[in-house]
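Make a model of the complete structure from these sequences and hints.
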Amino acid sequence: MTEQHQPCKLRQKKLKMKRIDFLKTVLCFCIATFLAYLLKRNGDTTDAMAVIFMLTVVIVSRITDGYIWGILASLAGILATNYIFTYPYMDFNFSLTGYSVTFSAMLVISIMISALTTQNKKQTEAAIEMAEKLQETYEEQRAIEIVAQKERLKSNLLRAISHDLRTPLTTIIGASATVLENRDTMDRKTADYLIKDINEEAQWLLRMVENLLAVTHISEDTMKVIKSPQVGEEIIAEAIDHLKIKLNGHPLTVKVPDEILIIPMDGTLIEQVIINLLDNALKHAGPGCSIFIGLSQENDNALFEVSDNGKGLSQQAAAHLFEYGEKSANDPSSDATRGFGIGLPTCKTIIQAHSGRIWVESAPDQGCRFFFTLPLEDPEENDPQNAPPETSITNNAPFENSSVKEALQNSLHRHLLREGGGAARIEELLRFGLKNRAGSHENQHKSLPEEHQKKENPS
Amino acid sequence: MNNKTTVLIVEDEHAIRNFMSTILTSNGYRVIVATGGAEAISLIGSHCPDVILLDLGLPDIEGTEVLKSVREWSSIPVIVVSARTFEREKVEALDMGADDYITKPFGSSELLARIRTALRHSHKILTKDMGGKNEFVTGDLVIDFANRRVKVAEKEVHLTQIEYKILVLFARYVGRVLTYDFIINEIWGIPSEKNSQQLLRVNMANIRRKIEENPGNPKYILTEVGVGYRMADLEN
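Those protein sequences? They're chains A and B, same order as listed.
Under the numbering used here, the first residue of the first sequence is numbered 1, with each subsequent residue one higher.
Under the numbering used here, the first residue of the second sequence is numbered 1001, with each subsequent residue one higher.
Bear in mind the hints are in silico, worked out from the structure with no lab data behind them.
Since we're looking at a predicted model, the values are computed, not measured.
Heads up, some of the hints might be wrong.
[Said to hold, decoys possible] Partner residues are not named here, just some residues of chain B that face chain A (Cβ under 7 Å, in silico): (1) G1028; (2) V1031; (3) R1201; (4) N1214; (5) P1215; (6) G1216; (7) N1217; (8) P1218; (9) T1223; (10) V1225; (11) G1226.
For every residue, glycine included, the Cβ atom is placed at its ideal position computed from N, Cα and C.
Okay, here's the thing in structure tokens:
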């Protein structure tokens, strides 16, 4: 729709611009004539008048669009000088000695100045337009990149899941078929053993599904969750209640602050995080180890801790703990690491969606201490810190509108210095504060993308 | 044979129906099953079961519609069976008159415990049990109604008026989930707003600090995140 209207609008705009330019030219010319008249009255020579009219030409070229007004102004200036200010007054006389040379030179200089000023202005405009276009393209690229990163995350997750699903399903299908087919020949103890395996694997699958469900709570667009005030200890208590059968035989210590701590969060998701950490501790710390769960306030954050005194982790293992599928993809004996599954990466996703932090402190034989923080104040939705690190591109600053121009001007200036020649001379000639804006049209096109590339790859 | 407690299972998934009726039959209940809402309503009318296990996701009509129609004429205990992560659905069902809910998937012991609680509660209503009793006991927690005293492991606990009222409310509905709205309405007599929920939570945190050995791992009052609270039934 807008495209249909555009040509019409554009024409109207152009017409209006022309009218304004005409008025500007007339006004400038009148002022110049008046000044010249004053000078003439004070007995000045025609040299000063030539300068005044040349100045007018420069000003007109500068403030109007296109060559035409500057040239008109110069012609008018020459005619006016001849008509009004030289003998015979109020009449044209081109036959005076030397006048034809003076006036022709003046005409040529005026036209040149006009042409150069206009060209220069056009180039600056084109450069700004280019910069804006480039910024648009850049933003588009960023959007595409974010989508690609999301896709990558999704496919990593899917790979992790499909790998992790197959193993328990193998057990369930195999064990249940065995029991069904060999019921008559099998002794009771073996059957019980197989059924127990089925039950355990099914429980494992359930936790997996719950984790996946949890991730779907996170908004895909903003990677954020909807928070509501929750009492920290209630979330911990429910998570413990969820795993109480598995906790049998493990000494459990829970420490919550004396003051009630109300934390903005998605309660089910944080419960899931604690369940995952607790489950992880129970699985990897070894039988009979003791578990500690703590909650405290650290400045503006709530600090949760889930620790065990089990066999701990090597630094290498700790580094990849929170990555989807990283470990199983790189490790040839990936079946052995199935236990890590998607639980811990899901914790990280959830905590990040809450603008919190999660980390582990561990050493072999010294147990594991998992920590995570949740901000007590609901932060701004667009807090840059909240954005997942993959999506934040740190070097986008130079492309904000005002600084685009600045960067561009710097580039043009550098270009000018390199090229020297004509452009530098114009600058010298004009001395009108246009220092940074010269340079040939073609070269700008070339130099701009270069500049962008430099900005994008600071190395 | 006729003295057996009758349980109606309303569930469209045959595998779930199968294992539920196996558990219940082997624990001495008489089981009738319905695979849809319309069938359930007609079976409730003709058989008058003692407990109804109602799945909310039915193929023909919404489970909540069945609940509504039952509540129009009967107070038969209804235990809603729901999928996890739908807190709103649970709260809605409880506020519409469901007695309890159980989350899929569940174990046999959990299912049996919920049924026992629901049955006990319905008997209490029939015999107006609470009025006659002077004392309430669960685990080491004792509420002495006549003297308005609360003791934990023989030690007296000092509660404020509101805290005492909340605790008595939980005792009256022991074993059952009480939604935030229900508690707020019973204690303060005002509809629930954000502020009143916060007020309730602060009160609950204070009660926990007074009656629980470890408020981070409570024994008596359990939290159902996003739904409400439940007092644990520790009588046996």
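Flag every earlier hint the structure violates by its number, smallest first. Hints 1, 2 not satisfied by this model.
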